[in-house]
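Asker: Be aware that the sequence shown starts at 143, since it is given in this note's numbering, and climbs by one per residue.
Don't take every hint at face value.
Here are the simulated distance ranges between beta carbons [to be verified]: (1) T170 / F193: 14 to 22 Å; (2) P158 / G200: 40 to 48 Å; (3) Q199 / H165: 15 to 23 Å.
By construction, these hints were calculated from the structure, which means they are not laboratory data. Beta carbons are placed, not taken as given, at the ideal position from N, Cα and C, and that holds for glycine.
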Amino acid sequence: MGSGDRSERIRTYNYPQGRVTDHRLGLTVYNIENFLDGDIQMFIDALIAHFQAAALQGGNQG
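Use the sequences and the hints to build the structure in full.
Answerer: Structure, rendered in C-alpha cells:
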C-alpha cells in the first residue's frame, strides 16, 4: 500500500475536473460531488479487493 511517510499522498481531489484519485489503489472516479456526499462504496470495494488479494498472496500489503 504505502510506506507511511508523512508526505505520502493518499488521495487527490481535483475540483475543476471533478475527479478523486486514491493513490494507494490507483483508482480514479470522476464524480467528486457524490464522493464528498458519502458515495464511497467504489473505494471501499477496491480496498477490500486489495487486501483480499494480498492475503491470498500470503503477504501483508498494508
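Asker: What are the numbers of the hints the structure violates, in ascending order?
Answerer: none
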